[in-house]
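Residue numbers (our numbering), protein chains in the order written: chain Y, 1 to 307; chain W, 1 to 307.
Hints were generated in silico from the structure; no laboratory data involved. As the structure is a computational prediction, the values presented were derived from the model and not from experiment. Check before you lean on any hint, since a few could be wrong.
Note that the list lumps identical chains together, so a pair holds whenever it fits in one copy or between two copies.
Computed cross-link-like contacts, DSS-like style, restricted to lysine-lysine with a CA-CA straight-line distance of at most 25 angstroms [said to hold, decoys possible]:
no. : residue 1 : residue 2
1   : 7         : 281
2   : 125       : 135
3   : 229       : 10
2 protein chains.
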Amino acid sequence: MIDQLIKKIKEMDNATVVGLDPRLNFIPSFIKDASYAKYGKTLQGAANAFYEFNKEIIDNIYDLVPAVKPQIAMYEQYGIHGLNAYLQTINYAKEKGLIVIGDIKRSDIASTALAYSNGHIGRVKIEDELIEVYKEDFITLNPYLGYDSIEPYIGNCNAYDKGLFVLVKTSNPNSGEIQDLEVDGEKIYEKVGKLVANWGEKAMGELGYSRVGAVVGATYPKQSKDLRKIMPKTFFLVPGYGAQGATAEDLSGCFSKDGLGAIVNSSRGIIAAYTKEDYSKMFKAEEFGKAARQAVINMRDDLNRVR
Amino acid sequence: MIDQLIKKIKEMDNATVVGLDPRLNFIPSFIKDASYAKYGKTLQGAANAFYEFNKEIIDNIYDLVPAVKPQIAMYEQYGIHGLNAYLQTINYAKEKGLIVIGDIKRSDIASTALAYSNGHIGRVKIEDELIEVYKEDFITLNPYLGYDSIEPYIGNCNAYDKGLFVLVKTSNPNSGEIQDLEVDGEKIYEKVGKLVANWGEKAMGELGYSRVGAVVGATYPKQSKDLRKIMPKTFFLVPGYGAQGATAEDLSGCFSKDGLGAIVNSSRGIIAAYTKEDYSKMFKAEEFGKAARQAVINMRDDLNRVR
Chain Y
1 MIDQLIKKIK
11 EMDNATVVGL
21 DPRLNFIPSF
31 IKDASYAKYG
41 KTLQGAANAF
51 YEFNKEIIDN
61 IYDLVPAVKP
71 QIAMYEQYGI
81 HGLNAYLQTI
91 NYAKEKGLIV
101 IGDIKRSDIA
111 STALAYSNGH
121 IGRVKIEDEL
131 IEVYKEDFIT
141 LNPYLGYDSI
151 EPYIGNCNAY
161 DKGLFVLVKT
171 SNPNSGEIQD
181 LEVDGEKIYE
191 KVGKLVANWG
201 EKAMGELGYS
211 RVGAVVGATY
221 PKQSKDLRKI
231 MPKTFFLVPG
241 YGAQGATAED
251 LSGCFSKDGL
261 GAIVNSSRGI
271 IAAYTKEDYS
281 KMFKAEEFGK
291 AARQAVINMR
301 DDLNRVR
Chain W
1 MIDQLIKKIK
11 EMDNATVVGL
21 DPRLNFIPSF
31 IKDASYAKYG
41 KTLQGAANAF
51 YEFNKEIIDN
61 IYDLVPAVKP
71 QIAMYEQYGI
81 HGLNAYLQTI
91 NYAKEKGLIV
101 IGDIKRSDIA
111 STALAYSNGH
121 IGRVKIEDEL
131 IEVYKEDFIT
141 LNPYLGYDSI
151 EPYIGNCNAY
161 DKGLFVLVKT
171 SNPNSGEIQD
181 LEVDGEKIYE
191 KVGKLVANWG
201 EKAMGELGYS
211 RVGAVVGATY
221 PKQSKDLRKI
231 MPKTFFLVPG
241 YGAQGATAED
251 LSGCFSKDGL
261 GAIVNSSRGI
271 IAAYTKEDYS
281 KMFKAEEFGK
291 AARQAVINMR
301 DDLNRVR
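Excised from the complex, chain Y in its bound form (with noise of 0.2 angstroms):
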């Protein structure tokens, strides 16, 4: 998959993720209230919202960009009803050729570790049958418990070609209290990155990267630059373009000599963007999806100037 995933972005010439992490509060009122009228004010209301949501948008944008990046904790919040939806999503994304990367950043020990893997990636075995639950085709993992926590998505990824993104340096304000404690001269994240790489090396793909990747933050230019160096199979999902702050410029040096290496994730940027003041101006509530699609489209230029 992380082959697919470069060919995509080559073809498209666009190394931007969409991240599908809707909130009611942005969700243009027609398609909240459609849902309200079937469902009521409920978790099954909200969760509809998102899916017809995402529908729009992935119509929009499953020509331009390589890859979708929904937020299982946005569905997970609404039950049963918010998975729904998340599966919906996936399937729906699928369906038009989009790559899933499904943002779970799940954690636990072996044995536990194998039955998020074998629900995410692989297949769950209910005596004879094997069945493909979420179907994602990466998921993000977090590294605090070691390599026996991940090896069992490493099988996974292998056999079923799927791939992770793990936790190295996060793109959020508080991310050096652990991340950036010092060992021995060298940082936490960059311990991690190591590590990273070393599990890599245990799924590579044909063209030169690692099914195992790792998510860098584009809000923290020189880490993820020295990330660069230490890393260099290794593919980066990179959140904290735009809503959170970060330029093309702060996240230049996430990509290798060859432009790859790379994908950049923007989510209220894009999905959200009919409600800022420059789209606003141009596209209606109704046309929120030509507002993202125009967005994908702007985002792509400037990372293109960069990389």
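Let chain Y serve as the given structure and place chain W on it in line with the hints.
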């Protein structure tokens, strides 16, 4: 809720938590067959077998233990049916008066963490409706992203009297890979322990312990003893007893002088007791609930020797 947990531990003279982590390979055939007859060898068939199994376990232990800890991964792997069994299990356990610790180990940046927090221990807001979704009393969290990834839970802890257990030193074999790295003469788990203790000051209960607890593995006796000293007001959730190899002596350092300060989890050791040599002589598969009850009594007495 931390105060209620302490009261229940005293009342029952028991610091045992029963981990509700069912697996198809130890659920008795008569439960699985009945479920498959209704729903087929499907996700729903497996999930329903989990719920039926859990009900029988709960019926046999609710008067002996203060709390249960369902591991969400076991349920999440089966999609919406699995999640439904997780929610049903929580409801059933609470009806029986048990405190529920949702072992979710989530980690994400602030705005996303708030979605998890509202869904699991707070309320989600759908227009003018506030809805309680998962209803766990405590949840577990991963601290790798720093304080702004934990803060969104602390508000809900105080507003709704809920609690957290943040991973500090986990019980798995590779937990030292990151957690044991040394920074200025201090291990990462000690640094994290101090952070968690500090965060906990913002959410103190009435009985001397914080609503923000810590996960400290029983498999590392020296480390847990050190952490007990560093974090005197922090309640520990202690995994690793039994199936993972730790004895009561190993985890004795997790308790405070008052014999409180820790609850100890056992999952397979209790819920799959009927499959183990000692118990299988006394209990038939149909009596797996009674075997679990006996295993709880044995564990209670074993822990009470050392606390």
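Now the hints, each set against the structure:
no.	hint	in the structure
1	7 / 281	neither (35 angstroms within a copy, 60 angstroms between copies)
2	125 / 135	within (15 angstroms within a copy, 29 angstroms between copies)
3	229 / 10	within (22 angstroms within a copy, 55 angstroms between copies)
Violated hint for the displayed structure: number 1, the only one.
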